[in-house]
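Novice: Join the two chains, each given in its own frame, into one complex according to the hints.
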Amino acid sequence: MIFFTPAFRLVVTTSLLTVAVTLGQGFTAITQALTLNGAGATFPKPLYDRYFAEFSKKYPDIQVNYEGIGSGGGIKQLIAGTVDFAASDAAMNDAEIDKVKQGVLMIPTAGGAVAVIYNLPGVSGLKLSHTVLPDIFSGKITRWNDPKIAADNPGVELPDERIKPVVRADGSGTSFIFTNHLSAINDDFKTQVGATKEPKWPGNPLKGKGNPGVAALVKQTAGSIGYVEAAYTKQTNLPAASVENQKGRFVAPSIAEANTALANIKFPANFRVFEGNPADGYPITGVTWLLVYKHYDSAEKTEAVKKLIQWCLNDGQKFNNGLGYTEIPASVAQEAIETVNSGISTP
Amino acid sequence: MTNPDRAKQYLEVEHNLFQADPKNLLLEQGFTWLVRIFAFSTAGLLLWLSWIIFQDAEPAIAQFGSDFLLSQNWNVGELSFGAAPFIYGTVVSSTLALLIAVPIGLAVAIVTSENFLPVWVRSPLATLVELIAAIPSVIVGLWGIYVMIPVLQPLQLWLYKHLAWIPLFSTEPSGPSMLAAGVILAIVILPTISVISRDVLLAIPLELRNASMSLGATRWETIFKIILPASASGIVGATILALGRALGETMAVTMVIGNSAGINISLLEPAYSITSVLANEFAEALEKLHIGALMYLALILFVITLIVNLIAVLMVNIFTKKIN
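Chains A and B supply the protein sequences, listed in that same order.
In terms of numbering that gives the first Met the number 0, the first sequence opens at residue 0 and continues consecutively.
In terms of numbering that gives the first Met the number 0, the second sequence opens at residue 0 and continues consecutively.
Isolated chain B, as found in the complex (with noise of 0.2 angstroms):
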């Protein structure tokens, strides 16, 4: 039976049902509009965010203006308030969490995925690393104070010591910095990636791989020219996604991050993420242009995530362009 037909007897079943019982018709047409009247007011739920955030952060828009992204200055005292360090921790420390999460997520979906290793070890690896992602961030952010820090405070120190001619590692660190807060942030979009990359690697048709192996190529061959260029739209959709997860991330990143608002090239220096600042500060904000400012940083990062998720839809639409 071809497709159309199918779905035209299912429509002749319905028909005949709510012949049979007219109440049945009215609970259909209920449960129809319920089903669309809770779609559109999550929609709507959004529009009504939006709003409610630029109006907020309305004093400060009008007070800063386009000057807010720029200016360093954050000073409640003397009400006067600049984005560029906020704006900087977030950018640079999600940038630094893709580039540690990225290659180990696809090497965690790679080996999951293939069948090099045996399953009993497979399966217990790949639901690990899904369990990490169950852990709540504030769990992780103390893990990442009490423990991760003084693992990470020696690397740190070898790096000042050794490598401090590169800028980025050109200043004694104190523990907290933007490179803790990377890892950290590393480590909470870590299943992100590598779940969704397995389950993409997984859904690659099995004739493409037959072919490759039947040309002749190794299995690393049809792993790197095959598997992962047909992947790679899936895989590109996976680390966007993760990205708004680093974007987005509060506690976490708040309790390694140090909280220090300045731009500094090293990444041994002690930085300040947009959700960490309206974490700390927003319940302590009284004036108006206090919670403006913060407001106005919220909007920011609204929009910040929004052109990621925009980015992430062009980019994903081009990978499958290419492939077809």
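Next up, chain A with everything else stripped away, as it sits in the complex (with noise of 0.2 angstroms):
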């Protein structure tokens, strides 16, 4: 019988004992530390994992997790209740905010600059105009010597070849910043596409999945044109154009100007901007949020929010240049942590 045999008992051994000592450690791990579980935007990941790394080595009895599955997705489990805390790049709307029985708070932790970057053999430092930026992803201007293009980029040889843009396959904040830009700065396309996560693009571009999907497919293909996040045009070594600003000034994504446009965005009480073409800078930049319930059951949960919230404002922002973000101008930070002291509570 197999059930006598010197294997099947060593087997059955071992994995009580696996089970018992993985157990046994989770059971230790939650009385030491309070865990708070977060999820979202992939936009600020890197952020984060930073921010949380550093956080909990200044408070070992808080353990920070995150996970990076979008900001839909964020915004899904937090209406849900099954985070603590979430992260998104677009802000919530009033229909989603409705949903969150606990009342959410947004607090918005960095900025970031969403890059236009392109694959022309032969060709740097492209050049897009508020008249050429949508009409290119509208698919009106279909070829790279446009006569459009040409105008903003003299002395550059433009092949004779089809535009290919690309575009996010999935819903993504990424998407909400820059057609919130494309929105701002041309009326067409705000009536036919709109300032959305998931927008419905007109001719069917290539699509990727998440930024590095974009980056893969941008660098593959010759004549594309597509956007990520600023940091990923280092990652890939694509060029990225310079984009017309509303004082009509072309500008790269840089941290510097991506700082000086978030400085001109003008952030209301309750911190949610849809500025999509700032006064100043580089003018396709959002702001990314972290989204925290108004009432948590237990108060040991809510002081941790609230030491968390403080710390990345207060000792948090000095790690967003080093990682491509933008840091949140300190007038707007000091708001925001009065906010979350006096908005989040044990009911």
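Think of the hints as simulated: they come from the structure by calculation, not from any bench.
Treat each hint with caution, since some may be false.
Stated by the list, open to error - Cross-link-like lysine-lysine pairs, in silico, DSSO-like; alpha carbons within 27 angstroms at most: (1) A:LYS265 - A:LYS44; (2) A:LYS139 - B:LYS287; (3) B:LYS287 - A:LYS189; (4) B:LYS160 - A:LYS100; (5) A:LYS199 - B:LYS287; (6) A:LYS293 - B:LYS287; (7) A:LYS139 - A:LYS126; (8) B:LYS160 - A:LYS98; (9) A:LYS218 - B:LYS160.
Specialist: In structure tokens form, the structure reads like this:
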């Protein structure tokens, strides 16, 4: 009988031991530290990983986990109540806010630029004006040597090739920041596509999953143009276009220019901004938010969330520039801390 | 000793065992029940799964009904959904994969099962092809983006330049395309076809081969007129199994198909498959109707694979009858 063979006994003993050891560790971990679980945007994921690692060094009794599942996914989990906090690059709309029973606060933690990357062998320093950029992505300008593009780029030899736009296949805060800008500078784009996480692009462009997917497609496809979070331009070595801003200046995506853009955005009391074309700086700049509940069931958790937000907006901000994100202007950060301290409670 | 005799003998031995130790009987019966429960819960799992998918798909089924199958519009913002481009992409890319993989897979099977190559060439060859099955599909997909598409692109451009009068090659290729998806799927399913076909070919009784040879048939006449027809049911089975794999393959396809929802006769144009849209949009789907539409797509894929499997069973039966 198999039940009495030494091998069988060995297997049973080992598996029982493994289970005991694994569970045992889990239980001790729970008694030692409070765990905050979060999920959401992939755009600030590298930043949050750093934040939460540093935060746990300072507060060893609080453990913060973050899963980058996408802005929409984060909001979904927040509504379902399966996380302690979420993160999104697109501000929650009123309908979404209404669905969160415990109430929600939106805390801006960082800003980031969305770069327009392109793959045109032999062409560098491409400039795209307000008239050109929306028309490329709505399929009105279809060839690289279009006179409108040439007018912005005197002296640059543009090839007679089809423009192949590359966009996101998944719903994405990056798409929101990008379409938000295009809608702000072009009325046709606004009515045809609008500012949304899941745009319905005219002309069926190529689609990649996530920033890495779009970057890979642009890198592989000559004649393509796409949009990714600015940090990905370094990784892929693709040139990023200079984009015209409200002042009429052509600006490349840099942290300094994105910081300028953010400083020009006015934050309302609930920190929800939809500014698509800041007065100065790099125009395709967006804000990313941590979304926290207004009510937590335990006092410990409430305190932990307050500590976390305070830390992110004070000590955490100094990591932003190094990782390619912009800082939140100090005055806005102070307001946000006050909002959290007075706004979160245990019922 | 005849078979019934032997069975009887075994039963007696078992009977004696139980009499010797009643504890054994209890264990034996307990074990039998355990196995039964496992078997039934596996079947139950399938039913449970389909029920959950159906429930989640319900809002979309109620809203769009059968129009969903024919509509080409997929607009998350306006919450209007249609499945046609995805069904088209899944069916066409899988068919393309079969067209490429069946001849190549059969060739591999024949070469590795016949003896015109020395064993030290044949057996590593068979093992290497089998190894393709061990590569995770996400790796195949990455290889597809970074290696295969750049290699395939000049070929696609050539097809467009010289054969553009054929509708299948009538659009300017941009890299990722239906053709690229077909090729990558062919690579993924190649081991399934070749390994099973090889086993089937090896199982053909030697008498058939000897009889054919002794009647004066050449090796290739024997292969094409005797061996292949005799193993047809097995090869069809292998092909259908591979088709099932191709229909369900997700990551590798997502990375090279271009994820562009449209129906275009040209194989050089990017397309979209059911599995790809599920992988791309599910994590971010918020609205009930959006989730419902995705689940509806999953249900459609489920039905397609079910039909494919039914056809497989029927065809294997028909071929087996013919041979007998």
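Novice: Evaluate each hint against the coordinates.
Specialist: Status of the hints after comparison with the structure:
no.: 1; hint: A:LYS265 - A:LYS44; verdict: 25 angstroms, holds
no.: 2; hint: A:LYS139 - B:LYS287; verdict: 34 angstroms, violated
no.: 3; hint: B:LYS287 - A:LYS189; verdict: 25 angstroms, holds
no.: 4; hint: B:LYS160 - A:LYS100; verdict: 60 angstroms, violated
no.: 5; hint: A:LYS199 - B:LYS287; verdict: 18 angstroms, holds
no.: 6; hint: A:LYS293 - B:LYS287; verdict: 25 angstroms, holds
no.: 7; hint: A:LYS139 - A:LYS126; verdict: 17 angstroms, holds
no.: 8; hint: B:LYS160 - A:LYS98; verdict: 55 angstroms, violated
no.: 9; hint: A:LYS218 - B:LYS160; verdict: 23 angstroms, holds
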